[in-house]
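Let the sequences and hints guide you as you build the complete structure.
Protein chains in written order, with full-length UniProt numbering: chain L, 1 to 275; chain B, 1 to 275.
Careful, some of the hints might be misleading.
For the chain B half of the interface with chain L, some residues (derived, Cβ under 10 Å), not all of them [to be verified]:
| no. | residue |
| --- | --- |
| 1 | Lys9 |
| 2 | Arg57 |
| 3 | Phe60 |
| 4 | Lys111 |
| 5 | Ile213 |
| 6 | Phe249 |
| 7 | Thr253 |
| 8 | Ala266 |
With a cut-off of at most 27 Å between alpha-carbon atoms, the simulated DSSO-like pairs for lysine-lysine come out as follows [said to hold, decoys possible]:
| no. | chain 1 | residue 1 | chain 2 | residue 2 |
| --- | --- | --- | --- | --- |
| 9 | L | Lys269 | B | Lys96 |
| 10 | B | Lys258 | L | Lys258 |
| 11 | B | Lys19 | L | Lys9 |
Since the hints were made in silico from the structure, they are not lab data.
The C-beta atom is built at its ideal place from N, Cα and C for all residues, glycine as well.
Protein chains: 2
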Amino acid sequence: MSELWYTEKQTDNYGITMKVKRTLHTEQTEFQYLEMAETEEWGNMLFLDGMVMTSQRDEFVYHEMVAHVPLFTHPNPENVLVVGGGDGGVIREILKHPSVKKATLAEIDGKVIEYSKIHLPEIAGELENPRVEVKVGDGFMHIAESEQEYDVIMVDSTEPVGPAVNLFTKGFYAGISKALKEDGIFVAQCDNPWFKADLIRQVQADVKEIFPITRLYTANIPTYPSGLWCFTIGSKKYDPLAVEDSRFFDIETKYYTKELHKACFALPKFVQELT
Amino acid sequence: MSELWYTEKQTDNYGITMKVKRTLHTEQTEFQYLEMAETEEWGNMLFLDGMVMTSQRDEFVYHEMVAHVPLFTHPNPENVLVVGGGDGGVIREILKHPSVKKATLAEIDGKVIEYSKIHLPEIAGELENPRVEVKVGDGFMHIAESEQEYDVIMVDSTEPVGPAVNLFTKGFYAGISKALKEDGIFVAQCDNPWFKADLIRQVQADVKEIFPITRLYTANIPTYPSGLWCFTIGSKKYDPLAVEDSRFFDIETKYYTKELHKACFALPKFVQELT
Numbered sequence: 001m002s003e004l005w006y007t008e009k010q011t012d013n014y015g016i017t018m019k020v021k022r023t024l025h026t027e028q029t030e031f032q033y034l035e036m037a038e039t040e041e042w043g044n045m046l047f048l049d050g051m052v053m054t055s056q057r058d059e060f061v062y063h064e065m066v067a068h069v070p071l072f073t074h075p076n077p078e079n080v081l082v083v084g085g086g087d088g089g090v091i092r093e094i095l096k097h098p099s100v101k102k103a104t105l106a107e108i109d110g111k112v113i114e115y116s117k118i119h120l121p122e123i124a125g126e127l128e129n130p131r132v133e134v135k136v137g138d139g140f141m142h143i144a145e146s147e148q149e150y151d152v153i154m155v156d157s158t159e160p161v162g163p164a165v166n167l168f169t170k171g172f173y174a175g176i177s178k179a180l181k182e183d184g185i186f187v188a189q190c191d192n193p194w195f196k197a198d199l200i201r202q203v204q205a206d207v208k209e210i211f212p213i214t215r216l217y218t219a220n221i222p223t224y225p226s227g228l229w230c231f232t233i234g235s236k237k238y239d240p241l242a243v244e245d246s247r248f249f250d251i252e253t254k255y256y257t258k259e260l261h262k263a264c265f266a267l268p269k270f271v272q273e274l275t
Numbered sequence: 001m002s003e004l005w006y007t008e009k010q011t012d013n014y015g016i017t018m019k020v021k022r023t024l025h026t027e028q029t030e031f032q033y034l035e036m037a038e039t040e041e042w043g044n045m046l047f048l049d050g051m052v053m054t055s056q057r058d059e060f061v062y063h064e065m066v067a068h069v070p071l072f073t074h075p076n077p078e079n080v081l082v083v084g085g086g087d088g089g090v091i092r093e094i095l096k097h098p099s100v101k102k103a104t105l106a107e108i109d110g111k112v113i114e115y116s117k118i119h120l121p122e123i124a125g126e127l128e129n130p131r132v133e134v135k136v137g138d139g140f141m142h143i144a145e146s147e148q149e150y151d152v153i154m155v156d157s158t159e160p161v162g163p164a165v166n167l168f169t170k171g172f173y174a175g176i177s178k179a180l181k182e183d184g185i186f187v188a189q190c191d192n193p194w195f196k197a198d199l200i201r202q203v204q205a206d207v208k209e210i211f212p213i214t215r216l217y218t219a220n221i222p223t224y225p226s227g228l229w230c231f232t233i234g235s236k237k238y239d240p241l242a243v244e245d246s247r248f249f250d251i252e253t254k255y256y257t258k259e260l261h262k263a264c265f266a267l268p269k270f271v272q273e274l275t
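Quick look at the structure:
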């Protein structure tokens, strides 16, 4: 029998390749090309427009690091919005914080939610939680219609191509600022410093114009290009580096720790120079 | 014209793949299969027994992080030994420390040195420096014959297959302890936590039996499996986490910073559990 290997070109000249047991689903949705596959090394995986979105084996890194850094920075996050994130992983992590009364998911592509529930049940399982409201629709529009509503907003988007292109604009960050309460915090994934340095520099510059506290942190995600992923945090009042030790409490994680909460902001020199 | 792509299988079911402009050299040496290739994304690269050793584009991470963490931990490193490291990158970084009077390279495979000088000149260039002594020979034997001689020993080896198999044994770490002065420090690369967790656990346990201060730190190396690389440090007296701020001085780096010197020891939870 021939072997099936899936290769994601992370640049024109470099990629990762993984052995596929079987394809679970492929579909051109209204917004993007969706693929689910069972791989030997990483378990079930979700791809959108040919890019790895998440895998059962390493999903915990991204989801924990998006959620817990801002949530432990805010002293009392009650109302949280996730833009994108249809696989449900960020929602699952948010719900580990007992202060959160409501977590809203604004995902543009209902098919991502539908097939994540089927093929990534450990990731999507909490989407049915009563503290969660799922809105299938344009996150950009949802932000535009919200005012002083959220304590924390997390942008769990694809790259700035396809449906996510509006989510990497200064107008969007201004909308986020308006949608946040006066002490709100937001975080957005912003790709990797090896191949997308210009994007990171731009996001940092744009967010800095709007949020008094702007920072960059990283996490190791092996199935993402270069293995080093960046997150931009914009905060109106609370500094993630100033969280007092007594404010951390135990939650079940596999990556995040209270030491990493601060250490993840210590950047390699060539990354620091993008901020 | 057909495209040439080099794929390194990092496990049986996962790998990285890169476009090759041209092969520069291939040779079965006395010890291993040596390949040099010019790649589109990473510049010239060295492979040993099919594994990526270094690339012009990302070599600075590994070489800086092997060298500067122990060298800034030791208050006055004068005599330094590198076991392996025939490409010369660790030597180049060591020489940035003015306290170092002599840096010895014990590389088993003279061909690695020879072809690194030709195809990786920015990495190997300092091997001719008068402060450097190059010994082509078995690092294990060199260690066995040394006593109370070195301030810092760095093990820049391949994986524990082929010529490096002896370098991952308790006997080797005991030899290193003997070869170090009474306040000496050693560091060894010890692979990645995603695919080689058992190896890291074993190295940490073995080193702990011999060195009172044993620690693990990480760095992001995109061309290495998982992008997250581990280093074990064993120290007789000085703790890398206790270096006073005034002890750091400016050196030219692209990855290492004094903040990262400490932050790199803050481990993801699943990695912490291997120590």
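Status of the hints after comparison with the structure:
Because the closest C-beta pair between Lys9/B and chain L is about 9 Å apart, less than 10 Å, the hint holds. Evaluation of the Arg57/B hint against chain L yields a held restraint, the C-beta minimum of about 8 Å falling below 10 Å. The restraint placing Phe60/B at the interface with chain L holds, with a minimum CB-CB distance near 8 Å, inside the 10 Å limit. Using the Cβ-Cβ criterion of 10 Å, the hint placing Lys111/B at the interface with chain L is not satisfied: the shortest such distance is roughly 27 Å.
A hinted interface residue such as Ile213/B counts as satisfied when its beta carbon comes closer than 10 Å to some beta carbon of chain L; here the least separation is about 18 Å, so the hint is violated. A hinted interface residue such as Phe249/B counts as satisfied when its beta carbon comes closer than 10 Å to some beta carbon of chain L; here the least separation is about 15 Å, so the hint is violated. Nearest Cβ of chain L to the Cβ of Thr253/B: about 6 Å, under the 10 Å cut. The hint holds. The interface hint given for Ala266/B holds, since its Cβ lies 3 Å from the closest Cβ of chain L, which is under the 10 Å cut-off.
As the CA atoms of Lys269/L and Lys96/B are separated by approximately 17 Å, the hinted pair is consistent with the 27 Å bound. At most 27 Å may separate the alpha-carbon atoms for a hinted pair to count; Lys258/B and Lys258/L meet this at roughly 20 Å. The straight-line distance between the Cα atoms of Lys19/B and Lys9/L is roughly 10 Å, inside the 27 Å bound, and the hint therefore holds.
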